[in-house]
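Protein chains: 2
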Amino acid sequence: MMQVTTTDLYEVTMALSYLREGMRAPATFSLFVRDLPPGRGFLVAAGLEPALDHLSRFRIGRADVREFAEVLGWPVETLEPLHGLSFDGQVRAVPEGRLVFPGEPLVEVTAPLPQAQLVETYLLSLLCHQTTVASKAARCVLAAGGKPLVDFSLRRSHGPAAGMQAARLGALVGFAGTSNVAAAVRYGIPGSGTMAHSYVQAFPSEEEAFRAFARSHPGPVTFVVDTYDTGRGVETAARVLGELERGPGCAVRLDSGDLGELARRARATLDAAGLRDVGIIASGGLDEYAIDGLVRDGAPIDVFAVGTRVGVAADSPYLDAAYKLVEYDGTPVMKLSPGKATAPGPKQVFRGPGLRDVVGLANEEPPAGTEPLLRTVMRGGLRTEPPDTLDAARARFEADLALLPEPARRIENPEAPVPGMSTRLGVLSTIVRHRIEARSGS
Amino acid sequence: MMQVTTTDLYEVTMALSYLREGMRAPATFSLFVRDLPPGRGFLVAAGLEPALDHLSRFRIGRADVREFAEVLGWPVETLEPLHGLSFDGQVRAVPEGRLVFPGEPLVEVTAPLPQAQLVETYLLSLLCHQTTVASKAARCVLAAGGKPLVDFSLRRSHGPAAGMQAARLGALVGFAGTSNVAAAVRYGIPGSGTMAHSYVQAFPSEEEAFRAFARSHPGPVTFVVDTYDTGRGVETAARVLGELERGPGCAVRLDSGDLGELARRARATLDAAGLRDVGIIASGGLDEYAIDGLVRDGAPIDVFAVGTRVGVAADSPYLDAAYKLVEYDGTPVMKLSPGKATAPGPKQVFRGPGLRDVVGLANEEPPAGTEPLLRTVMRGGLRTEPPDTLDAARARFEADLALLPEPARRIENPEAPVPGMSTRLGVLSTIVRHRIEARSGS
Chain G
1 MMQVTTTDLY EVTMALSYLR EGMRAPATFS LFVRDLPPGR GFLVAAGLEP ALDHLSRFRI
61 GRADVREFAE VLGWPVETLE PLHGLSFDGQ VRAVPEGRLV FPGEPLVEVT APLPQAQLVE
121 TYLLSLLCHQ TTVASKAARC VLAAGGKPLV DFSLRRSHGP AAGMQAARLG ALVGFAGTSN
181 VAAAVRYGIP GSGTMAHSYV QAFPSEEEAF RAFARSHPGP VTFVVDTYDT GRGVETAARV
241 LGELERGPGC AVRLDSGDLG ELARRARATL DAAGLRDVGI IASGGLDEYA IDGLVRDGAP
301 IDVFAVGTRV GVAADSPYLD AAYKLVEYDG TPVMKLSPGK ATAPGPKQVF RGPGLRDVVG
361 LANEEPPAGT EPLLRTVMRG GLRTEPPDTL DAARARFEAD LALLPEPARR IENPEAPVPG
421 MSTRLGVLST IVRHRIEARS GS
Chain Y
1 MMQVTTTDLY EVTMALSYLR EGMRAPATFS LFVRDLPPGR GFLVAAGLEP ALDHLSRFRI
61 GRADVREFAE VLGWPVETLE PLHGLSFDGQ VRAVPEGRLV FPGEPLVEVT APLPQAQLVE
121 TYLLSLLCHQ TTVASKAARC VLAAGGKPLV DFSLRRSHGP AAGMQAARLG ALVGFAGTSN
181 VAAAVRYGIP GSGTMAHSYV QAFPSEEEAF RAFARSHPGP VTFVVDTYDT GRGVETAARV
241 LGELERGPGC AVRLDSGDLG ELARRARATL DAAGLRDVGI IASGGLDEYA IDGLVRDGAP
301 IDVFAVGTRV GVAADSPYLD AAYKLVEYDG TPVMKLSPGK ATAPGPKQVF RGPGLRDVVG
361 LANEEPPAGT EPLLRTVMRG GLRTEPPDTL DAARARFEAD LALLPEPARR IENPEAPVPG
421 MSTRLGVLST IVRHRIEARS GS
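If you read the sequences in order, they're chains G and Y.
Position 398, counted from 1, in the first sequence is what the working numbering calls 398; the numbers after and before it change by one each time, with no gaps.
Position 78, counted from 1, in the second sequence is what the working numbering calls 78; the numbers after and before it change by one each time, with no gaps.
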């Protein structure tokens with residue numbers, strides 16, 4: 001419902017102008033990230049699945065035309081040429097979960113110019129956000145070194161819809177669960193939940209709170225132990241858990257203070273009580289930097305729950321992404337703005353061993369031993385294959401991650417691999433640049 | 001539809017436990033921000049209107065109960081006590097648009113404990129995000145020093161739904177328009193649009209592009225001039241605009257490079273062509289810091305278009321907000337976790353002249369000359385007054401902003417006013433802390 005008009009106004013006026021000028025020839029737009037944000041050695045391609053959903057449903061109805069006219073203050077008849085327009089183009093894209101590097105197209109759209117232009121804003125909104133969050137979550141996976149992560153980000157994401165995606169993207173990079181019930185159901189992710197401090201506060205004592213929680217909670221339980229004094233909280237939890245005999249899967253949660261030191265003391269207390277199978281969950285402002293520190297320090301933490309900083313990708317919450325026209329009506333084009341120049345023509349990424357990539361032209365023969373990263377996922381406005389699954393995306397992520405070179409894996413000061421440029425793309429860039437400069441100089 | 005189950009799983013298990021334990025007495029939760037993020041001297045309260053919409057509609061249906069059971073892996077009957085639960089509590093809140101400071105409650109919810117607990121996640125998600133973005137946008141308003149701002153953030157917000165809110169929040173703090181068509185319609189905000197570089201690239205030359213755009217665009221037009229060479233782009237725009245004679249409201253847009261220097265040269269070119277009423281719009285990674293620099297430097301820019309960095313509040317994309325139980329069944333409670341201690345009891349903020357605030361108890365007599373900031377906006381689950389308007393919120397924002405002291409207004413290194421604490425709240429905190437420590441020490 002908020003699909004078609006949730007767009008920048010200029011997409012509408014440009015599309016209208018193209019239609020009036022008879023410019024309906026095929027155009028190719030390339031969606032790519034110019035430079036990685038600080039603190040990123042790679043990106044995880046994400047957002048394609050909802051983007052394809054959007055394109056499949058894209059159709060300008062009469063109500064949309066009225067809204068365009070209302071905002072422009074133009075007679076509704078002047079917008080009539082847009083009525084009924086849908087998306088029947090081709091999409092080539094990097095599947096979700098694959099690692100990508102600076103300058104590599106995530107998506108290329110080829111469609112009659114008005115259509116390809118109109119879908120720009122929505123595609124950018126989905127792809128930028130989701131690639132940003134997936135990439136942040138993937139760094140937490142690297143930092144955790146095999147220990148499970150769960151997503152607690154819903155309350156701090158940029159609204160509930162962004163929280164839904166954060167849960168999905170966590171699962172895409174291998175998180176073990178999410179606290180978000182709706183996301184757990186919709187995406188088939190295990191649910192994860194503990195208890196809040198308010199629960200403890202609502203009872204006369206911590207011990208009464210823990211016992212009451214266990215009464216209504218069959219199976220393993222997790223007690224939050226830092227509402228008042230963490231040391232005493234752990235002792236109380238150990239006493240109640242010892243009596244409950246709920247077996248493996250029970251845990252205590254630490255949510256404040258020096259998590260490494262508190263985890264060590266909690267482990268000692270639990271072990272002394274014979275509760276070696278009671279785990280320790282850490283939460284509270286965790287991100288890949290904090291997790292990395294705790295893991296390197298050998299903190300006996302069994303599960304990391306990440307929220308705020310991961311759900312909004314706090315240190316780099318956006319990408320310098322662009323959706324640029326690279327070919328119109330068979331002619332490659334490029335932009336020359338300082339610092340924002342783009343390479344011309346539809347492209348392909350050829351991935352060699354060890355994630356050594358070369359960006360070339362879409363119609364080039366793949367160099368020997370390389371795999372083309374962009375696949376045709378939509379043709380004539382229809383998906384070429386059934387919707388992707390989270391499991392398949394996760395498998396792609398894990399396969400690429402295993403090959404990622406050390407400098408890009410680093411938590412502190414990572415360095416991204418720099419893709420090469422194919423000879424043919426280099427030559428084309430030079431030719432197009434000269435053509436544009438000769439013309440504007442004349 | 002994604003309302004009730006879009007929540008953290010622990011809200012569900014805690015609520016269920018409260019119901020089983022017969023703990024349905026009134027509880028008061030306080031939603032507040034502990035500390036302001038770096039680079040913030042104030043916050044703009046926002047998110048209340050959608051939060052009240054959510055509470056008005058909150059009702060756990062049979063399908064929701066099934067989803068809870070599915071995620072917990074429990075028999076559906078065990079979740080049956082939640083079926084039919086709706087929100088019939090009281091909400092006291094700071095109206096949207098008012099400035100707030102560290103430790104001041106934005107919202108206080110008083111309802112039977114299970115209800116008040118269940119709505120936590122969704123309220124935090126809405127209030128945190130929207131207050132974050134409104135506060136960032138407000139700093140741009142301060143930096144712009146009276147020049148108009150427009151919102152171009154949709155493509156970089158954390159998904160389209162967050163982009164809708166960014167447009168609303170920009171308008172709340174006085175932005176002149178938004179590029180987002182759907183938001184313009186829904187919230188009654190003027191639409192704003194120019195042209196993209198891709199439009200220019202799709203034509204054989206810049207000049208042909210400008211002329212074609214004008215053909216299908218009645219009234220004032222804006223040309224983007226930095227697709228190839230900005231100096232030549234401005235000259236071409238000046239030539240076409242001079243012939244068009246479209247009058248005031250036409251503009252050129254600069255989107256890259258040294259915006260201050262380019263604006264000066266563009267102004268000179270336009271003036272020399274007799275086009276004194278053609279404006280200059282600047283865009284491209286602008287935030288309050290960049291705008292402040294341009295304004296101080298006297299750059300002849302007429303409109304600032306902000307996107308990426310403002311829509312995601314890039315330098316501080318989240319708030320350290322909490323939703324804490326402060327009273328249950330008439331007994332004030334508090335949390336003592338290190339660095340996360342909370343003050344007990346339902347509260348009020350008493351605002352004195354010059355935004356000098358005192359946080360006290362809700363049932364205190366307001367000190368002479370002060371205004372209580374929290375108003376009762378919902379009672380028995382129903383709004384006490386008609387939905388608020390953006391105009392009313394903007395008026396409150398502007399009135400508070402006019403009184404904001406200089407240290408809090410600063411763009412670089414702002415300092416927020418520190419609210420005082422009333423004697424009664426101080427005494428109560430001491431009493432409750434002693435009560436808890438005595439109990440847990442026994």
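Treat the hints with care, since some could be wrong.
A pair counts as met if it fits within one copy or between any two copies, since identical chains are not told apart.
In silico SDA-like cross-links for lysine to any residue, where the CA-CA straight-line distance does not exceed 20 Å [stated by the list, open to error]:
#1 Lys340 <-> Gly257
#2 Lys147 <-> Glu385
#3 Lys340 <-> Glu80
#4 Lys340 <-> Pro190
#5 Lys340 <-> Ala214
#6 Lys340 <-> Ser205
#7 Lys147 <-> Arg66
#8 Lys340 <-> Gly284
#9 Lys340 <-> Pro95
#10 Lys147 <-> Leu428
#11 Lys340 <-> Glu398
#12 Lys340 <-> Gly231
#13 Lys340 <-> Gly22
#14 Lys340 <-> Glu261
#15 Lys147 <-> Lys340
Derived by calculation from the structure, the hints in this document are not laboratory data.
Right, here's what the structure says about each hint:
no., hint, in the structure
1, Lys340 <-> Gly257, "between (45 Å within a copy, 9 Å between copies)"
2, Lys147 <-> Glu385, "neither (34 Å within a copy, 50 Å between copies)"
3, Lys340 <-> Glu80, "neither (35 Å within a copy, 58 Å between copies)"
4, Lys340 <-> Pro190, "neither (43 Å within a copy, 29 Å between copies)"
5, Lys340 <-> Ala214, "neither (59 Å within a copy, 26 Å between copies)"
6, Lys340 <-> Ser205, "between (61 Å within a copy, 19 Å between copies)"
7, Lys147 <-> Arg66, "neither (53 Å within a copy, 31 Å between copies)"
8, Lys340 <-> Gly284, "between (39 Å within a copy, 11 Å between copies)"
9, Lys340 <-> Pro95, "neither (26 Å within a copy, 42 Å between copies)"
10, Lys147 <-> Leu428, "neither (47 Å within a copy, 43 Å between copies)"
11, Lys340 <-> Glu398, "neither (32 Å within a copy, 37 Å between copies)"
12, Lys340 <-> Gly231, "between (55 Å within a copy, 16 Å between copies)"
13, Lys340 <-> Gly22, "neither (29 Å within a copy, 63 Å between copies)"
14, Lys340 <-> Glu261, "between (48 Å within a copy, 18 Å between copies)"
15, Lys147 <-> Lys340, "neither (40 Å within a copy, 27 Å between copies)"
Going through the hint list in order, the structure does not satisfy hints 2, 3, 4, 5, 7, 9, 10, 11, 13 and 15.
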